[in-house]
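Student: Listed below are the residues making up each chain.
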Amino acid sequence: MKKMTSAAVGAALMTSVSVPTMAMAEDLTLCWAAWDPANALVELSKEFEAQSGHSMNFEFIPWPNFADRMLNELNSGGKLCDLLIGDSQWIGGGAENGHYVKLNDFFDAESISMDDFAPATVYAYSTWPKGTPNYYALPAMGDANGWFYRKDWFADPEIQAAFKEATGRDLGEPQSQKEMLEIAQFFQGREIDGKTVYGASIFTERGSEGITMGVTSALYPWGFKYENTPGSYDMEGAVNSPEAVEALEFYKEFYETATPPGYTNSYMGESLDAFKSGQVAMAMNWFAFFPGLYADPNTGGDKIDFFVNPPQNQAGSTLGGQGISVVAYSDKQDAALEYIKWFANPDVQAKWWELGGYSAHNSVLNDPGFKDSAPFAGDFLEAMGAVQDFWQEPAYAELLLAMQKRVHDYVVADQGTAQEALDKLIEDWTEVFEDEGKL
Amino acid sequence: MTDTIANRAAKATPQKVARKIKGLSDRAIAWIFVAPTIFLLLAINIFPLIWTIQLSFTNYKANRLNREPEFIGLRNYERILTDSDIWLNMQATAHFLFWTIALQVLIGFTLAWLINKKFKGNDLWTTIIVLPMMLSPAVVGNFWKFLYQPQIGLFNYIIAFFTGKEPSSFEMLGSVQLAPWSIVIVDTWMWTPFVMLICLAGLRSIPDYIYEAAEVDRASKLRQFFTITIPMVLPFLMLAVLFRGIENFKMFDLVVQLTGGGPGSTTELTSINLKREAFEKWRTGYASAYAIILFVTVFGLASIYVKALNKVKER
Chain A
1 MKKMTSAAVG AALMTSVSVP TMAMAEDLTL CWAAWDPANA LVELSKEFEA QSGHSMNFEF
61 IPWPNFADRM LNELNSGGKL CDLLIGDSQW IGGGAENGHY VKLNDFFDAE SISMDDFAPA
121 TVYAYSTWPK GTPNYYALPA MGDANGWFYR KDWFADPEIQ AAFKEATGRD LGEPQSQKEM
181 LEIAQFFQGR EIDGKTVYGA SIFTERGSEG ITMGVTSALY PWGFKYENTP GSYDMEGAVN
241 SPEAVEALEF YKEFYETATP PGYTNSYMGE SLDAFKSGQV AMAMNWFAFF PGLYADPNTG
301 GDKIDFFVNP PQNQAGSTLG GQGISVVAYS DKQDAALEYI KWFANPDVQA KWWELGGYSA
361 HNSVLNDPGF KDSAPFAGDF LEAMGAVQDF WQEPAYAELL LAMQKRVHDY VVADQGTAQE
421 ALDKLIEDWT EVFEDEGKL
Chain B
1001 MTDTIANRAA KATPQKVARK IKGLSDRAIA WIFVAPTIFL LLAINIFPLI WTIQLSFTNY
1061 KANRLNREPE FIGLRNYERI LTDSDIWLNM QATAHFLFWT IALQVLIGFT LAWLINKKFK
1121 GNDLWTTIIV LPMMLSPAVV GNFWKFLYQP QIGLFNYIIA FFTGKEPSSF EMLGSVQLAP
1181 WSIVIVDTWM WTPFVMLICL AGLRSIPDYI YEAAEVDRAS KLRQFFTITI PMVLPFLMLA
1241 VLFRGIENFK MFDLVVQLTG GGPGSTTELT SINLKREAFE KWRTGYASAY AIILFVTVFG
1301 LASIYVKALN KVKER
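Each protein sequence line maps, in turn, to chains A and B. Taken in order, the first sequence gives residues 1 to 439; the numbers are from the working numbering. Taken in order, the second sequence gives residues 1001 to 1315; the numbers are from the working numbering.
To be clear, the hints were calculated from the coordinates, so they are not data collected in a lab. Don't take every hint at face value.
Once the Cα atoms are required to be at most 25 Å apart in a straight line, the calculated DSS-like pairs of lysine-lysine come out as [as the list claims (entries may be wrong)]: (1) A:K178 <-> A:K102; (2) A:K164 <-> A:K151; (3) A:K276 <-> B:K1275; (4) B:K1145 <-> A:K252; (5) A:K195 <-> A:K225; (6) A:K225 <-> A:K178; (7) A:K151 <-> A:K371; (8) A:K151 <-> A:K46; (9) A:K130 <-> A:K438; (10) A:K130 <-> A:K164; (11) A:K438 <-> A:K102; (12) A:K195 <-> B:K1165; (13) B:K1275 <-> A:K424; (14) B:K1145 <-> A:K195; (15) A:K46 <-> A:K79.
Make a model of the complete structure from these sequences and hints.
Tutor: This is how it looks when you write it as structure tokens:
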């Protein structure tokens, strides 16, 4: 896909994508987080402007403030955004509180089929109630939490020999969570090129969603479930299962024994900084950042490689990514829907992937050349096959903040045990669901 | 009739206006003047307060406009007062308040006492000392975050220089034991100059003749300090404590920048917790009850304190 030239894709777009010309040109505002894919979307949207006559404005909010800023905007019925690429967990609130326009009729009228998109992304980004054919967003940006590592260090014969001597096995991409910890511990405090380096950078951020996204990357491979029976809110024995306790203890051990000093409140930015500054051998982060990491002149190219979040009892990756929705308070819904129609086109989706966005369209993902189109493309496909998301309930913010507190208290502040942390989490979540009238 | 300002104003009043207000009592005219202010006060302070009290008895959520709030009596208050996590937040706030005020008063007074001595460069030093309080809390929070960084932070290197420890062997912001002190240090660094200025005003208000009389009575310097300086500066000191106490009770920005309330919830002060409840979890009714509890606490403590301050002033 990435081998296609821009000119070819551009020509294809001009000929194949027909956007009906509207009587009035509108100024549309699209809101999203401020990160690399957002820049790619600006570039991509120029085609839409040229074809539709509408002009596009963008409101990109830094990740730490994205949820706060956008949810306040929606809750106050603000008209800032006509289109919103909102986090997957917002879909429940967006639908139930009437923030997002329901898209079923529009999809039917325009022959946009959700079967054309990867099922995991449709389920996670578009539907509410979960899994029902009620669509409030079009999958816009597939994403999952993955890993990248210093390929040059892993390939160094001296380091390989030292690893073999220390562990009795060859140094390579980890095949399990425990192997990954072993590798990280091996690198922790090691001298490389006269500099002390550390094992890995993981998510520990307290304020928004960081540590939850990190911890779930350990919980899911251990087999973590939110409920015993989906939709029952029956959490006892699922959230605090022995596997969940073991996974949480594992994450704490990882934090204590294999991360750089001072990374007590780190998320995406800190993870990238730690890797780019040559401090760590491995780091976790969202696939969305991988094109930029690969292109980095100092630590990218031959020096970097990528791997999917390793399995333990099963495969499992934390879902990221977002769907694109039309905001119900917008006065320009027709023009906004035009954008969605244009964006759903397979040729536009192909260019979206080419520019650095993660398309969820089957025509892109199932293309025979997709796996070889980027060094992380195969890992992305594998990750999307085993993703799991956090609660997507309307009360997701309360559920998320409760988990942030409980796991940060245990992992970083070293208070209590993993069992206690998860037991308290069930208490918190039970209270939220009782308030919601669901228990 | 004497030519007072009131008479001159009466003469200058246009006949048309004078006819209209003729017959209005002084009290009525006074009410006309103060009415806009009272209206603003009611609209901005009293009405929101009453509304907050009303919301505190409901399960209202500001992000669920399509859901009718239900009256739940004292349930929110009961939840808050029996929540051990909230008591931990209160403890963290009390620790922060006590130590910041104690250190700022001690260091601020000492600095004021030194600055009050006449020496060359006195004004320059005063300007340098007050610089921290002129900075934005967000800026201060960010650069202290760098100073506290275990691998490259200057603070850790200075401590390591004096103690012989490895700079990266301790984490000011990441350690449960040290994080509460790290926010105390930064707030003290930033706001001690404020206390110093108030103390300096107090010291400069003491007439020289009192000290001269004490000299005549052969009072020692120590005696003069405890019987003249301290009692006469005390009302100023108490005022500084009141200002800093109220400010630090609602401390938010600096701590959010430094620790975000972490590690865990170690530095999660009540204001941070309240903001999370109100504007991140959107538990508006619950947050209203929380705010009322904090308001009553601060109002009660401040009232007792102001009474004590007035007594000290009367002495």
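Student: Please flag the earlier hints that this structure goes against, numbers listed from lowest up.
Tutor: Hints 1, 3, 5, 8, 10 are the ones this structure does not satisfy, whereas the remaining hints hold.
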